[in-house]
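**Q** Spelled out from the first residue to the last, the chains are:
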Amino acid sequence: MAIDQASVQRWIELFAQAMADHRQELVRLDTAIGDGDHGTNMDRGMQNAVEKLRAEPQPDPGAVLKTVAMTLISTVGGAAGPLYGTLFLQLGGGLTDHPEGDIKAYAAAWRRALDGVKARGKAEQGDKTMIDALTPAVEALERASELDAGLRAAADAARKGMFATVPLVARRGRASYLAERSAGHQDPGATSTNYLFETAAEALAD
Amino acid sequence: MAIDQASVQRWIELFAQAMADHRQELVRLDTAIGDGDHGTNMDRGMQNAVEKLRAEPQPDPGAVLKTVAMTLISTVGGAAGPLYGTLFLQLGGGLTDHPEGDIKAYAAAWRRALDGVKARGKAEQGDKTMIDALTPAVEALERASELDAGLRAAADAARKGMFATVPLVARRGRASYLAERSAGHQDPGATSTNYLFETAAEALAD
Amino acid sequence: MKKLINAPDQVVADALRGVQAAHGDRLRVSLAPYMVVRADAPTKGKVGLISGGGSGHEPLHGGYVGRGMLDAACPGEVFTSPTPDQMLAATKAVDGGAGVVHIVKNYTGDVLNFEMASELAQGEGIEVETVLTNDDVAVEDSLYTAGRRGVGVTVLVEKIAGAAAEGGRTLAEVTEVGRRVNAQGRSMGMALRPCITPASGEPSFELGEDEVEIGIGIHGEPGRFKERLGPASQIAERLLTPIIEDLPFVSGDRVLAFVNGMGGTPLLELYIAYAEVAKLAQEHGLKIERNLIGNYITSLEMQGCSITLLKLDDEMLQFWDAPVDTPALRWGA
Amino acid sequence: MKKLINAPDQVVADALRGVQAAHGDRLRVSLAPYMVVRADAPTKGKVGLISGGGSGHEPLHGGYVGRGMLDAACPGEVFTSPTPDQMLAATKAVDGGAGVVHIVKNYTGDVLNFEMASELAQGEGIEVETVLTNDDVAVEDSLYTAGRRGVGVTVLVEKIAGAAAEGGRTLAEVTEVGRRVNAQGRSMGMALRPCITPASGEPSFELGEDEVEIGIGIHGEPGRFKERLGPASQIAERLLTPIIEDLPFVSGDRVLAFVNGMGGTPLLELYIAYAEVAKLAQEHGLKIERNLIGNYITSLEMQGCSITLLKLDDEMLQFWDAPVDTPALRWGA
Ligand SMILES: Nc1ncnc2c1ncn2[C@@H]1O[C@H](COP(=O)(O)OP(=O)(O)O)[C@@H](O)[C@H]1O
Ligand SMILES: Nc1ncnc2c1ncn2[C@@H]1O[C@H](COP(=O)(O)OP(=O)(O)O)[C@@H](O)[C@H]1O
Ligand SMILES: [Mg+2]
Ligand SMILES: [Mg+2]
Ligand SMILES: [Mg+2]
Ligand SMILES: [Mg+2]
Numbered sequence: 022m023a024i025d026q027a028s029v030q031r032w033i034e035l036f037a038q039a040m041a042d043h044r045q046e047l048v049r050l051d052t053a054i055g056d057g058d059h060g061t062n063m064d065r066g067m068q069n070a071v072e073k074l075r076a077e078p079q080p081d082p083g084a085v086l087k088t089v090a091m092t093l094i095s096t097v098g099g100a101a102g103p104l105y106g107t108l109f110l111q112l113g114g115g116l117t118d119h120p121e122g123d124i125k126a127y128a129a130a131w132r133r134a135l136d137g138v139k140a141r142g143k144a145e146q147g148d149k150t151m152i153d154a155l156t157p158a159v160e161a162l163e164r165a166s167e168l169d170a171g172l173r174a175a176a177d178a179a180r181k182g183m184f185a186t187v188p189l190v191a192r193r194g195r196a197s198y199l200a201e202r203s204a205g206h207q208d209p210g211a212t213s214t215n216y217l218f219e220t221a222a223e224a225l226a227d
Numbered sequence: 022m023a024i025d026q027a028s029v030q031r032w033i034e035l036f037a038q039a040m041a042d043h044r045q046e047l048v049r050l051d052t053a054i055g056d057g058d059h060g061t062n063m064d065r066g067m068q069n070a071v072e073k074l075r076a077e078p079q080p081d082p083g084a085v086l087k088t089v090a091m092t093l094i095s096t097v098g099g100a101a102g103p104l105y106g107t108l109f110l111q112l113g114g115g116l117t118d119h120p121e122g123d124i125k126a127y128a129a130a131w132r133r134a135l136d137g138v139k140a141r142g143k144a145e146q147g148d149k150t151m152i153d154a155l156t157p158a159v160e161a162l163e164r165a166s167e168l169d170a171g172l173r174a175a176a177d178a179a180r181k182g183m184f185a186t187v188p189l190v191a192r193r194g195r196a197s198y199l200a201e202r203s204a205g206h207q208d209p210g211a212t213s214t215n216y217l218f219e220t221a222a223e224a225l226a227d
Numbered sequence: 170m171k172k173l174i175n176a177p178d179q180v181v182a183d184a185l186r187g188v189q190a191a192h193g194d195r196l197r198v199s200l201a202p203y204m205v206v207r208a209d210a211p212t213k214g215k216v217g218l219i220s221g222g223g224s225g226h227e228p229l230h231g232g233y234v235g236r237g238m239l240d241a242a243c244p245g246e247v248f249t250s251p252t253p254d255q256m257l258a259a260t261k262a263v264d265g266g267a268g269v270v271h272i273v274k275n276y277t278g279d280v281l282n283f284e285m286a287s288e289l290a291q292g293e294g295i296e297v298e299t300v301l302t303n304d305d306v307a308v309e310d311s312l313y314t315a316g317r318r319g320v321g322v323t324v325l326v327e328k329i330a331g332a333a334a335e336g337g338r339t340l341a342e343v344t345e346v347g348r349r350v351n352a353q354g355r356s357m358g359m360a361l362r363p364c365i366t367p368a369s370g371e372p373s374f375e376l377g378e379d380e381v382e383i384g385i386g387i388h389g390e391p392g393r394f395k396e397r398l399g400p401a402s403q404i405a406e407r408l409l410t411p412i413i414e415d416l417p418f419v420s421g422d423r424v425l426a427f428v429n430g431m432g433g434t435p436l437l438e439l440y441i442a443y444a445e446v447a448k449l450a451q452e453h454g455l456k457i458e459r460n461l462i463g464n465y466i467t468s469l470e471m472q473g474c475s476i477t478l479l480k481l482d483d484e485m486l487q488f489w490d491a492p493v494d495t496p497a498l499r500w501g502a
Numbered sequence: 170m171k172k173l174i175n176a177p178d179q180v181v182a183d184a185l186r187g188v189q190a191a192h193g194d195r196l197r198v199s200l201a202p203y204m205v206v207r208a209d210a211p212t213k214g215k216v217g218l219i220s221g222g223g224s225g226h227e228p229l230h231g232g233y234v235g236r237g238m239l240d241a242a243c244p245g246e247v248f249t250s251p252t253p254d255q256m257l258a259a260t261k262a263v264d265g266g267a268g269v270v271h272i273v274k275n276y277t278g279d280v281l282n283f284e285m286a287s288e289l290a291q292g293e294g295i296e297v298e299t300v301l302t303n304d305d306v307a308v309e310d311s312l313y314t315a316g317r318r319g320v321g322v323t324v325l326v327e328k329i330a331g332a333a334a335e336g337g338r339t340l341a342e343v344t345e346v347g348r349r350v351n352a353q354g355r356s357m358g359m360a361l362r363p364c365i366t367p368a369s370g371e372p373s374f375e376l377g378e379d380e381v382e383i384g385i386g387i388h389g390e391p392g393r394f395k396e397r398l399g400p401a402s403q404i405a406e407r408l409l410t411p412i413i414e415d416l417p418f419v420s421g422d423r424v425l426a427f428v429n430g431m432g433g434t435p436l437l438e439l440y441i442a443y444a445e446v447a448k449l450a451q452e453h454g455l456k457i458e459r460n461l462i463g464n465y466i467t468s469l470e471m472q473g474c475s476i477t478l479l480k481l482d483d484e485m486l487q488f489w490d491a492p493v494d495t496p497a498l499r500w501g502a
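Residue numbers (the numbering used here), protein chains in the order written: chain X, 22 to 227; chain A, 22 to 227; chain Y, 170 to 502; chain F, 170 to 502.
With the rest of the complex left out, here is chain X (with noise of 0.2 Å):
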């Protein structure tokens, strides 16, 4: 299947779905180490992505992405408003339409999301942020030489991200303020980073 207008908006609706249907997991995840609004901010802000793009259609795959950062940027708040703002924006530019589905650009564009929220977030891999399911999934894709495989090795990869945080203990964002008492505890960002990575297999791959 192809990257291009219809899939990734079907993606983003997706995802959108999945935010609404986590929404109270999340919202209990970040309770436990966090301020207990991860899955409000993250369901309001999609819900709001979704509605902007019915209401004004984009052409590209880079133009939906790009609306869906601003609306994000504008509407979540919290920390989770930049750095998911700023993953869809350098996703959004580093994708254009490529009807072949090219997984080296679709990798590419995906390596420099990551890139944007470590600068924005100045967070590393083993922090226990949503860094943690994003590393191992965008070099999952740069392993990947096709594209519906890399986009299931991706998700397997976030999903594993995610379980990886539960021992950690929290460097950055709110959860660092528990220090020792952030272990045990799954991380609410890395979380629905690991949704990001489900519903793209499901709308990508055929």
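Think of the hints as simulated: they come from the structure by calculation, not from any bench. Take the hints with a grain of salt, since some may be wrong.
As the list claims (entries may be wrong) - Simulated crosslink set (EDC-like; lysine to aspartate or glutamate; CA at most 20 Å straight-line):
| hint | chain 1 | residue 1 | chain 2 | residue 2 |
| --- | --- | --- | --- | --- |
| 1 | A | 139 | Y | 284 |
| 2 | X | 139 | F | 284 |
| 3 | F | 171 | Y | 380 |
| 4 | F | 171 | Y | 379 |
| 5 | A | 87 | Y | 254 |
| 6 | Y | 171 | F | 379 |
| 7 | F | 448 | Y | 194 |
| 8 | A | 73 | Y | 254 |
| 9 | Y | 395 | A | 201 |
| 10 | X | 73 | F | 254 |
| 11 | F | 395 | F | 378 |
| 12 | F | 171 | Y | 375 |
| 13 | F | 171 | Y | 406 |
| 14 | X | 143 | F | 309 |
| 15 | A | 139 | Y | 288 |
| 16 | X | 143 | F | 310 |
| 17 | Y | 456 | F | 194 |
| 18 | A | 143 | Y | 288 |
Here the structure is a predicted model, which means the values were calculated and not measured.
Using the hints provided, position chains A, Y and F with the ligands relative to the given structure of chain X.
**A** The following block gives chains A, Y and F with the ligands in isolation, referenced to the frame of chain X:
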């Protein structure tokens, strides 16, 4: 036995002890239909009264009871302070040393105390207040021909009067704010008055 | 029971030590008997204004002692009215020769103790007038009750009568405007959660997770009835309708709207309630000329709110706007 | 969850309607984007002062908008920092040509969003400086954390920098004094009971009936550790010692002592805590020259308190005493 300085002093100490022992019971009753302080109010006041009497022993029953009155008025507050203060003030005024324990003089003093409390608080029998324990007790004394029997009859009457407050709807004091909801609860003030006569019988009768 | 206290029976004394430490420059605090007095009292020729009542309603009354409001306050034990000797001492401390007004909330204990105090003060040659507040429409004013409770309007009486006294009005004039404020004001309150007195350690009443108590007073007494927790708009309507019907407030009236927190209610929620009150007032054609929003007459940590409406006239407005300089209410100074 | 609200997702908008209804004469309220702005903003030639943060901390920040303090505040959703477009709109609304100061509490979300906003504002040619508050000694300031949280000192920065701006100081001067206040201030907080966010409906952490949480922030985050509930004297000591050791405050220092309630704490208890703070401060030879006691930077209905000490200098004192006229902090006006 006689109504003299020693026995009246002993009565006050027994009543103070009763207020300490039943403090939580009175708090619980007042919490149900009032503001939960009757037990602490009476306990605080009577402990102060006993200390005062230890510090400055009084020569006769009248002086003992007036000292109790002034201490209650200046340390209790609430409705109970002025009401019990008035009760002891009038009772003390009516009592003088009766070695032979004259029941008539004793009953008359109690009538004067009852009238004083009614004048202060404007409550009538049936309003679900301490008056409902006080009135039958005083009437029992007035019916009695001999002190010991009168004291025991008064204690019984006060207890019955206390129980009789349970079904009543309060018309005076905080409990009256509850209107019908005050029915089914025993009045705290009538309960403390019951202990007043119970200890009187114990201290003044053989 | 979880409280930031040292011991249940030290609560009032410890808090007064805090008042002394915080405001000793402008207030004199006495621990025996409990009293908070303006440092510059008595003011010669000025009518003295005192109030008092059980503790647990902070900032009422001690927080309202200062220029333009009370000259002294007598705090009793928690939810227990103070004693006549406190009131007598306060009356003497603030008597500037022009007489003293006692502002008394209508509760049996407060009334009886202030009654004794005023008899004693008059016995010592001090002119005393009493302003009784009884604005709580949740209680029927009938022969079958102790009469309506004094609640929210008490704060407004203390501010307005205080400004009148500061403005040099006579004992009769200060008393009259104080009584007028009480006569023109009505209140009603509700609770989301009861409070716990330090002495009892138990909730003052039971409420289910989805229940609210309507018609509560400020001493943790249960209210008139329980009902299912509804939206703020419904709660505001529940409280405001009986208030409006009781006076009654009619279209065109100028009012002061006072949304009061019971002690444990966040300001965020009080502003949400105020939005509903303003909307309803407008629907009734009432013109809100002044407002007061916050925890001003409380019931320990109780969660909930009360609403007070005062029908304003020009003189009340002038006295409300006059400078006031107390720990809890301050403007123009 | 028992709250005086209409619906969890309407809390902020409904409360802003209340602010509009109550203070519309002195404040402009915008619902899209959420903003509270001085009615007379921008003041030509005056440095503009804005702050913002998640809602649930009332009166912070909206209650501090007015003469002598903030020119605008941007409330986010409950416990969620506001967005760059709100901050940009507020920055433009208050820019009088002398530049704008952003007062930012140190939380990742607040920092990132204000960062974006200031990039955007500077892109539009407005000079922006940022004062970051990070006074919470409960958090270690190390590479292994997001840095210390901005808590109680934020209120003091807004008051003092606000007075500097009102007094005609330059952008550099206002920024400098704001940063100095943060540098000289330290805070620590504790909770008796957690709060419940409208969205989650669940307590933000669990506490046993005899437990307190020491080192909490203002977003319902759990603290550094739990311990058995002790007397107020012990709790005050628990909070004050790390504060004093951290700066450190030394004998002879002149300080402002700020005892803050978390939203559900009765004033009675805060004064009891203040009495203990004053006693301990004296034992350490600290001279409390000013104090502030009340619920000023809260965490919804959380029960508990925080203590902030600020080491004062003459300029800070002068700016602290300067007139302020906001809904939540008012004197000399
Ligand atoms: N500096 C950072 N870099 C990358 N991700 C971060 C950073 N700080 C926080 N996060 C992510 O953001 C998530 C929290 O988002 P959210 O709860 O919406 O914002 P907030 O923490 O402001 O309430 C965390 O679970 C973490 O994955
Ligand atoms: N007007 C009254 N006349 C007689 N007794 C009264 C009156 N009002 C109240 N009481 C008695 O006082 C008791 C309550 O006393 P207490 O709780 O100490 O004072 P308060 O009601 O001020 O808290 C009631 O149980 C009742 O028996
Ligand atoms: Mg969060
Ligand atoms: Mg009582
Ligand atoms: Mg009482
Ligand atoms: Mg947040």
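**Q** Against each hint, give a clear statement of whether it holds in the structure.
**A** Consistency of the hints with the structure:
1. Distance hint between residue 139 of chain A and residue 284 of chain Y is fulfilled; the C-alpha atoms sit about 15 Å from each other, no more than 20 Å.
2. For the proposed pair residue 139 of chain X and residue 284 of chain F, the alpha carbon gap of about 15 Å is at most 20 Å, so the pair holds.
3. Simply put, residue 171 of chain F and residue 380 of chain Y have alpha-carbon atoms about 9 Å apart, close enough for the 20 Å limit, and the pair holds.
4. For a cut-off of 20 Å, the pair hint linking residue 171 of chain F to residue 379 of chain Y stands: about 7 Å separates their Cα positions.
5. Using a Cα cut-off of 20 Å, the hinted pair residue 87 of chain A and residue 254 of chain Y holds, with the two alpha carbons roughly 16 Å apart.
6. Restraint check for residue 171 of chain Y and residue 379 of chain F: satisfied, since their Cα atoms lie roughly 7 Å apart, inside the 20 Å limit.
7. With a CA separation close to 17 Å, the supplied pair residue 448 of chain F and residue 194 of chain Y stays within the 20 Å bound.
8. At roughly 16 Å between alpha-carbon atoms, residue 73 of chain A and residue 254 of chain Y fall within 20 Å of each other, so this suggested pair holds.
9. Distance restraint check for residue 395 of chain Y and residue 201 of chain A: the Cα-Cα separation of roughly 14 Å lies within the 20 Å cut-off, and the hinted pair is therefore satisfied.
10. Of the supplied pair hints, the one linking residue 73 of chain X and residue 254 of chain F holds, its CA atoms being roughly 16 Å apart against a limit of 20 Å.
11. A C-alpha spacing of about 12 Å is found between residue 395 of chain F and residue 378 of chain F, which places the hinted pair at or below 20 Å, so the restraint holds.
12. The straight-line distance between the Cα atoms of residue 171 of chain F and residue 375 of chain Y is roughly 14 Å, inside the 20 Å bound, and the hint therefore holds.
13. A C-alpha spacing of about 18 Å is found between residue 171 of chain F and residue 406 of chain Y, which places the hinted pair at or below 20 Å, so the restraint holds.
14. Under the criterion of a C-alpha separation no larger than 20 Å, the hint pairing residue 143 of chain X with residue 309 of chain F is consistent with the structure, at around 18 Å.
15. For the suggested pair residue 139 of chain A and residue 288 of chain Y, the alpha carbons sit about 18 Å apart, so the restraint of at most 20 Å is met.
16. Restraint check for residue 143 of chain X and residue 310 of chain F: the C-alpha separation of about 16 Å stays at or below 20 Å, so the hint holds.
17. For the hint pairing residue 456 of chain Y with residue 194 of chain F, the CA-to-CA distance comes to about 14 Å; that is within 20 Å, so the pair holds.
18. Distance restraint check for residue 143 of chain A and residue 288 of chain Y: the Cα-Cα separation of roughly 17 Å lies within the 20 Å cut-off, and the hinted pair is therefore satisfied.
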